[in-house]
Structure formats: structure tokens, C-alpha cells
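**Student:** Starting from the structure of chain C, add chain H where the hints point.
Protein chains: 2
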Amino acid sequence: MTRSLGATDFTAPIDDRWFDDYVEGAQYEYGLLTVSEEEILRYAEQFDPQPIHIDPGFAVSGPFGGLIGSGWHSAGLAMRLLADHYLSKVASLASPGVDELRWKVPLRPGDQLRLRATVLESRVSRSKPDRGIVVTQVELLNQDDGAPISFRAMNFLAVRPAQNP
Amino acid sequence: MTRSLGATDFTAPIDDRWFDDYVEGAQYEYGLLTVSEEEILRYAEQFDPQPIHIDPGFAVSGPFGGLIGSGWHSAGLAMRLLADHYLSKVASLASPGVDELRWKVPLRPGDQLRLRATVLESRVSRSKPDRGIVVTQVELLNQDDGAPISFRAMNFLAVRPAQNP
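Just so you know, the sequences run in chain order C and H. Read in order, the letters of the first sequence correspond to residues 20 to 184 in my numbering. Read in order, the letters of the second sequence correspond to residues 20 to 184 in my numbering.
Next up, chain C with everything else stripped away, as it sits in the complex (with noise of 0.2 Å):
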């Protein structure tokens, strides 16, 4: 069971969270998440079967001295963290995308992995008042504090519906 790990989590539960409650400059930290050589094994033979991902014995003589985990398997962790404690599970629209992805340091079994998400911007949409869109700087972090995944991610949010009087 992953949770909050930073000195502040949003006020508003992911259940009640809108557009208002992403406010520029916040800061989240969530986890721990681990990943096991099973893991990372199954994930790399159905989506990444590359012999550094999938074959132990060829990745100990490798670059990187072993197995390690395709960087789509550290973006589907990433997003696992984000899905259960960042994004709302009420006002979340769709994402356009993400930019500047980027695999800094290898995912490799037995990592013990945290998330921080750093809302980098946060704006009500001009066409439609009734969403906006938040950019968060996304960080996978391991126990070195390397980074086996980052990247901007653009999200749509509806703003919180009026209440009644």
C-alpha cells in the first residue's frame, strides 16, 4: 500500500478534487513502490522483449552489469503512483500528452520507487471556463534518488461545479 511521503498532500481527497485544488508550485511525494525481477521479466516479455530486459544472463555482460526494466514498464509505475494519489479520480478529462520523457538512470529489480509530481502550471481554458489544464513535472525516484522515468505531463481538469446556495 502506497501513501502520501511528503510534508504536504493536497487538502481536497482524490474522490473531491478538481482543477482548483492543482495549485502552482505544490509539491507531492508518494510511495514506496517496489519492483521485483519477476516483474519486471513478465512486463518486458509481452512489451519490450529486448535481450537487456528479458534475458539475465546476456544483461550481466552488458552495459549495465544486469537486468533492467523496459523505461515503458517505469512509465506504467509512474502512473500507477499518479492514478492512486495524485490524479482525481472525479475531474480528470483526458491528456493530450506528455513532453521531454526521459530515462535518466536504469529501473532494476528489487528498486524501491517514489513519485513526485511538481505542478509546474495551472490555467482555467479560454474556450471552455469549465475545465483547465494542469502541466506537472512528473519524477520517478529511486532509492538513490536517480530518476528511471520523468517527463511534463498536460492533463484537463474540470473546475469544481458551482454550489448551491
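Wrong hints could be hidden among the right ones.
The list treats identical chains as one, so a pair stands whether inside a single copy or across any two.
To be verified - Lysine to aspartate or glutamate pairs mimicking EDC-like chemistry, simulated, CA-CA at most 16 Å apart: (1) Lys108 x Asp74; (2) Lys108 x Glu57; (3) Lys108 x Glu64; (4) Lys108 x Glu56.
Hints in this document: simulated from the structure, not taken from any laboratory.
**Tutor:** Below, chain H without anything else, positioned relative to chain C:
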């Protein structure tokens, strides 16, 4: 079993393919990969448990009129076609990341998917002349030519070793 769909494919087989074989302007297509509702649910339950991805009942009344796959599932499917057909099994060194990742249309159960890979740029490293960087525009296309995912991938690849005389 997926295969080359285009008029042309690499002349070098994937297990003897090197940096030199990625020529600017070349474009290849591979497929078809199908995705089922069960696969969409299985991915999302593990990595992206948002209602629109894991709850068909909720999703039918949602903005997309039905269940849609996680954007990161689309990334995994694109990677599978890249690994099976495009990315050298012997010369691939690592990828520093991707840029401009976009989810233009939803991934839906029953989609028949193909990969289009276009070599945008190919240049030998100045600091390490035994390798080069290849920049590829990657598009995963569905049966209507919509792109559930596209991105610009960077890959380091070893140059072809010198032949003995």
C-alpha cells in the same frame, strides 16, 4: 504474428542491423496487432486504474462512450512492434528518452494496430564515433488511421563493426 506491411523493409535483418542501416527519410510499417477488452482491463488494473480504463459500466456513459485503454498501454504496444521489427537486437545501446508524446485518439477494444516508423535524423556521435543517434517518428495507427500514440524517439546504436579483410 506481426510482419512488415510496407512496400519496403530494412535490407539488414534485425539481428545484424547497425546504426548505418537507419537512413534518414526511410519509412517502415509493421503490424497488425489487435487489442482486446480483456487486455485493456488487465493492463489498467495493474498500472492505470482510472474508471475510464477499468470500469466498462462507468465508461459507457463517459466522454468516450465506452472503455478506452491507458495511454501507457498504447506506449507498450508501440514498443512491442518496435522491438519485434525495427530496433536492432545487436546494436541498440540505450534510449535517453522521447519527445512530443501525444495521445490523439483513444485506444479501444478491438483496435487493429500498426506501427509507422520514420527515420527523421541519423548522425554519428562526435565524442564516441563507434555509435550514432537515430531519431525516429513513431506512430501507432488504428484501422481508421487515427494515432492512439505518437512520439519522437531517440536511440543510440552501435555502428557496424569493421570487417576483417
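**Student:** So, for every hint listed, does it hold in this structure?
**Tutor:** Now the hints, each set against the structure:
Proximity of lysine 108 to aspartate 74 under the C-alpha cut-off of 16 Å is restricted to the inter-copy arrangement: shortest distance 12 Å between copies versus 38 Å within a copy. Taking the shortest Cα distances, lysine 108 and glutamate 57 never come within 16 Å of each other, neither inside one copy (30 Å) nor across copies (22 Å). Proximity of lysine 108 to glutamate 64 under the C-alpha cut-off of 16 Å is restricted to the inter-copy arrangement: shortest distance 15 Å between copies versus 31 Å within a copy. Proximity of lysine 108 to glutamate 56 under the C-alpha cut-off of 16 Å is found in neither arrangement, the shortest distances being 31 Å within a copy and 21 Å between copies.
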